[in-house]
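Join the two chains, each given in its own frame, into one complex according to the hints.
Read top to bottom, the protein sequences are chains B and C.
Quick note: the first sequence uses UniProt numbering, first residue 1, plus one each step.
Quick note: the second sequence uses UniProt numbering, first residue 1, plus one each step.
It should be emphasised that the hints constitute simulated quantities derived from the structure, not laboratory data.
Be aware that one or more of the hints could be misleading.
Cut-off 30 Å, straight-line C-alpha distance, at most; resulting in silico cross-link-like pairs (BS3-like, lysine-lysine) [as the list claims (entries may be wrong)]:
hint, chain 1, residue 1, chain 2, residue 2
1, C, K161, C, K40
2, C, K65, B, K293
3, B, K294, C, K65
Example chain B residues on the side facing chain C (calculated, C-beta under 8 Å, incomplete) [said to hold, decoys possible]:
hint, residue
4, N135
5, W138
6, F144
7, L149
8, M235
9, V243
10, M249
11, S271
12, V273
13, A285
14, V289
From chain C, some residues computed to sit far from chain B (all C-beta separations above 12 Å) [claimed, not checked]:
hint, residue
15, N14
16, D24
17, F48
18, N61
19, N103
20, V212
21, T213
22, R236
23, R239
Beta carbons: idealized from backbone N, C-alpha and C, even for Gly.
Given next are the chains, with one letter for each unit.
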Amino acid sequence: MNQSYYNGFNSRKRKQEYKTDLPVMITPEVKEPGSILSSLSAYIFKPWHGFVILFFCMVSSSIAFGVDDNAKSSIAEVLWRWMPLLLKGFIFNIVISICAMAIGTAAGAALGLGQISLNKWVRRVSWFITQFFRNSPWLVLLFFAMFLLPFEINIGGLAIPLPDWVKAIIGLSLPVMANVSEIVRGAVVSLPSGQWEAAESLAYTRRQTLWLIILPQCVKRMLPPWMNLYAILTMATVLASIVGVSEVMTLTGQALAAEGGRTDLLAPFYSFVLLIFFMYCYPIARWTVRLEKKFSVIG
Amino acid sequence: MESFFEWFKLLYDNTGINLPFLYDSYDRDRMWNGFLMTIKLSVVALFFSIIIGIIGAWLQNSPLKWTRRIVNGYIQIFRNTPPLVQLYFFYFAIGALLPKVSNGYGGEVPILGGFAWAAISLSFFAGAFNVEIFRSGMEAVPKSTTEAAEALGFSRLQIYKDITLPLAFRVVLPALNNNLVNLVKTTTLAYAIAVPEMLYESNQIWSDNVNVTEMMIFLLLAYFFLVGILVWGMNRWERSLKIPGFGT
Numbered sequence: 001m002n003q004s005y006y007n008g009f010n011s012r013k014r015k016q017e018y019k020t021d022l023p024v025m026i027t028p029e030v031k032e033p034g035s036i037l038s039s040l041s042a043y044i045f046k047p048w049h050g051f052v053i054l055f056f057c058m059v060s061s062s063i064a065f066g067v068d069d070n071a072k073s074s075i076a077e078v079l080w081r082w083m084p085l086l087l088k089g090f091i092f093n094i095v096i097s098i099c100a101m102a103i104g105t106a107a108g109a110a111l112g113l114g115q116i117s118l119n120k121w122v123r124r125v126s127w128f129i130t131q132f133f134r135n136s137p138w139l140v141l142l143f144f145a146m147f148l149l150p151f152e153i154n155i156g157g158l159a160i161p162l163p164d165w166v167k168a169i170i171g172l173s174l175p176v177m178a179n180v181s182e183i184v185r186g187a188v189v190s191l192p193s194g195q196w197e198a199a200e201s202l203a204y205t206r207r208q209t210l211w212l213i214i215l216p217q218c219v220k221r222m223l224p225p226w227m228n229l230y231a232i233l234t235m236a237t238v239l240a241s242i243v244g245v246s247e248v249m250t251l252t253g254q255a256l257a258a259e260g261g262r263t264d265l266l267a268p269f270y271s272f273v274l275l276i277f278f279m280y281c282y283p284i285a286r287w288t289v290r291l292e293k294k295f296s297v298i299g
Numbered sequence: 001m002e003s004f005f006e007w008f009k010l011l012y013d014n015t016g017i018n019l020p021f022l023y024d025s026y027d028r029d030r031m032w033n034g035f036l037m038t039i040k041l042s043v044v045a046l047f048f049s050i051i052i053g054i055i056g057a058w059l060q061n062s063p064l065k066w067t068r069r070i071v072n073g074y075i076q077i078f079r080n081t082p083p084l085v086q087l088y089f090f091y092f093a094i095g096a097l098l099p100k101v102s103n104g105y106g107g108e109v110p111i112l113g114g115f116a117w118a119a120i121s122l123s124f125f126a127g128a129f130n131v132e133i134f135r136s137g138m139e140a141v142p143k144s145t146t147e148a149a150e151a152l153g154f155s156r157l158q159i160y161k162d163i164t165l166p167l168a169f170r171v172v173l174p175a176l177n178n179n180l181v182n183l184v185k186t187t188t189l190a191y192a193i194a195v196p197e198m199l200y201e202s203n204q205i206w207s208d209n210v211n212v213t214e215m216m217i218f219l220l221l222a223y224f225f226l227v228g229i230l231v232w233g234m235n236r237w238e239r240s241l242k243i244p245g246f247g248t
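Next comes chain C alone, as it looks inside the complex (with noise of 0.2 Å):
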C-alpha cells in the first residue's frame, strides 16, 4: 500500500499532477473524513425524507381539510424557494433562536451543529419532493385494491401501511431514484455551513496545496463515482422488488 501512494508522490515529482490526498497521510485523512461525512449525511437525510414522504403522503390523504393544507403548504414552499437559503435559514436563523448550551470548557455551543441543521434542512427540502412522489405512486394503485381493502374490514392506517404503500412503493421508485441522486448531489451544500463535506475538505486541501484543477477532477469522479452506486443499488432494489404483471 505504501508503495502505491509513494508512486502518486513519484508522479508529482515527475509530472507535476499533485494529489496530496493520496501520498501525504494527513490530507488523505481529512479527504477520507470528508468522504464518511459526506455519506453520512446523504444516508440520514435520505432516511428521514422518506419517512417525511411516507407520513406526509398519508397525511395528504386525511380527512382533515386543514391537515391536507398544511401538508400543500410545506410542500410548495420548500419546493419553491432555494435550498440553499433553507439552509441558511435553519441554520442562521432558527438556530440563533434555539437556546445554547455550555460545552466542557466553559464555552458556549448551540444546541444543534452545522451537521444536524444541514441534515435537518436537506431532509425538510428532499422530503417535500418525497411526499408528492409517494401521492402520486399511490395514485396509480387501483382503486377497486383499496375498495376490496375496505370490505374486508381493513381500517385506513392498515389499508395505507400493509396495502397502498407497499404496490406505491414499486411505482414511485424510479421517481424516488431520482430525487435521492438529487439529495446526494445536495449535500455539498452543507459546504456552506462549514459541515467537513467531501467539499470542504477537498476546498482545504486544495487551499493548502494550490492543485485545484486535480481536486476539481477528482471530486467530479468522486461524486459521479457515489452517485453511480446509489443508482446501481437502487435499480437493483427495484428489480428485486418487481411483481410480474403489476405496472409496466
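In isolation and in its complexed conformation, chain B is listed as follows (with noise of 0.2 Å):
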C-alpha cells in the first residue's frame, strides 16, 4: 500500500516535473546545424517504415508457400528473376510522370495566370477548363487523351507517330494541368493585397507587379502542394496499365501470367510494386511536410 503510494507519488512526480508549463523552466530546444544527414533525418526511412510492408510480404508469401506444397521454385526465386524487368516499368512509370508533370505544370501555370486575368472572358474561360479537368476522374481522362487522340499526326506531310505512352502523358498532363491551376491561383489570392497596392504606388506595371513582386513569393508557397501533386501523379500513372501501356503493373500482370498463374506468387509480386511505390514516393510525402512547415508563417 505504502510502496504503491509512493511510487505513485514519484511518478506523478517526475512527470509533473517533465511537463511543467512555466515558461521559465522550459529550455529551448537548440538543433545543431549538423551534417546533412541529421537534417535529412527528419524524413529519411524510419526502420519500421518499410518493415511493415516487410512483414505484409513475407507473412503472405510464407502462407502461400504453405498452401502449395509442390511449388516449382521459391517465391523469392522467382521475385529475384523478375526484379529487374519490374524495376525497368518503375523506371518507365516515373518518366511518364516526370514528363505529365512538366507539361501540366507548363499548361497549369499559364491557366492559372489565366485565373487571375483582368479579362473577363479569359478569368471565365479559364476557371471553367480548371474545374472541368479537376472533377473529372483520372481514369476518365486517360480514357479520353487514349482514345480519342489519332495514332499519328500530319503536320504539312510529316507524319509524327503518337504511341500510347505518349498519349498516356498527354492524358494524365491534363487533370496535372487543372490541379497547377488551382495551386497557382491560390498561392496569388493568398498573398497579402498589401503587395499588390505597395508595387502600384511604387509605378510597377501589372506585368512588372506579376514577375518581379508576386511571383517569386508565390514560388514557396506552391512548392510543398506541388510536390504533393507529383507523388498524386506518380501513383496515378499504374492507371496507364489500364489503357495498355507496358508499365510495372503490365509487366507485373505479364511476370505472373508467364510464371504460369501460380496463385501464391500474387502476394509478394503486388507486395513488391506497392513497396517500391512507397519508397518513391514517401520521401516525397516527408520532404513535402518539412517544406510546409519551413514555410510556415509562424505566429
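In C-alpha cells form, the structure reads like this:
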C-alpha cells in the first residue's frame, strides 16, 4: 500500500517535473547545425516504415507457400528473377510522371495566370477549364486521351507518330494542369493585397508586379502542394496499365502469367509493386511536410 | 417520354451523333445500372472511410505507443502507394488467399466479389486521408476546451465523442469535402476489377456501338454532374453546421 503510494507519488512527481508549463522552466531545444544526414533524418526512412510492408509481404508469401506444397521454385527466387524487368517498368512510370508533370505545370501555370487575368472572359474560360478537368476522374481523362487522340499527326506531310505512352502522358497531364492552375491561383490570392498596392504605388506595371513581386513570393507557397501533386501523379501512372501501356503493373501481370498463373506468387508480386511505390513516394511526402513547416508563417 | 427517346434516335439518323443509352432500352438499363453502381460504391466507401477516419483519429491520440505506430504505418502505406495497386493487391492477392464458397449451381465463387473488394480498398485508401484530416481538425480545437471538459469529469472517450469531434468536424469539412470528391473520382478504378460501374458500362456500350467520342463526353459530364451534386450538398451542410464565431 505504502509502497505503491510512494511509487505513484514519485512517478507523478517525475511527470510533473517533465511537463511543467512555466515558461521560464522550458529549455529551448537547440538544433545543432549538423551534417546533411542529421537534417535529412526528419524524412529519412525509419526502419519500421518499410518493416510493416516487408512483414506483410513475408507473411502473405509464406502462407501462400505453405498452401502450395509442390512448389516449383521458391517465391524469393522467382521475384528476384523478375525484379530487373519490374524495376525497368517502374523507371518507365517515373519517366511518364516527370513528362506529364512538366507539361501539366507549364500548361497549368498559364491557365492559373489566366484565372487571375483582368479580362473577364479569359478569367471565366480558364476557370471553367480548370474546374472541368479537376472534377473529372483521372482514369476517364486517360481513356479520353487514349481513344480520341489520333495514332499519328500529320503536319505538312511529316507524320509524327503518337505511341500509347505519349498519349498516356498527355492524358495524365490534363488533370495535373487543372490542379496546378488551382495551386497558382490559390498562391496568388493568398498573398496580402498590400503587396499589390505597394507595387502599384511604386509605379510598377501589372506585368512587372506579377513577375517581379507576386510570383517570386508565390513559388515558395506553391512548392509543397506542387510536390504533393507530383506524388499523386506518380501513383496515378499505374492507371496507364489499364489502357495498355507496358509499365510496372502491366509487366507484373505479364510476369505472373509467364510463371503459369501461380496463385502463391500474387501476394509477393503485388506487395513488391506496393513497396517500390512506397519507397519512391514516401520520401517525397516527408520532404513536403518539412517544406510546409519551413515555409509556414509563424504566429 | 418515349418521344423524347425517339428524338435521339432521329438525332442519330440525321446527324450521326450516337447516344444509344438514351434511345435503346437495353443500353439505357445498362447505363442506369452503372450509374446506380457508381453511386452505391461511392456511398458505401464514403461511409466507411469516414468511420475509419474517426476511429483512426481516436486511436492516433491513444496513450499506447504501438497503437499510434500502427495507425501511422497504416496511413503512410495507404497514402504513398497507388490506389490501383492496392485494389489489385486486395482483389487478387488477398482474395486468392480467402476460402471459396459454393454457389447454388455447384460452382465455386470467392467469398467477396469485386464490389466488396472495391468498397474495402477504396474505404481504406480514403480512410487513410480522413484520419489525417480529422487529426488536423482536432489539433485546431483549443486546448482549453478539452481541459475544461477534463475538469468537468469527462472521460477521454466522452471528450472525443461529445466535445472534440463535433468541433473538429466543422473545421475539417472543407478538407473532407475535397477528399470525398477525390473518392468519388477514384471509384472509376473499380473498372479494373470488372465492377459494373459507370465507366465499365460505358466501355461496354462503346465497344458495341463504336461511339467512343460521344460516350467519353457523356462520361465526363456525368462525373462533373455527380461531383457537382456532392460539392453542393457538402457546402450546404457546411453552412448549416456553422457555429457563429467559431473558426474562420
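Which numbered hints fail: 7, 9, 14, 20, 21
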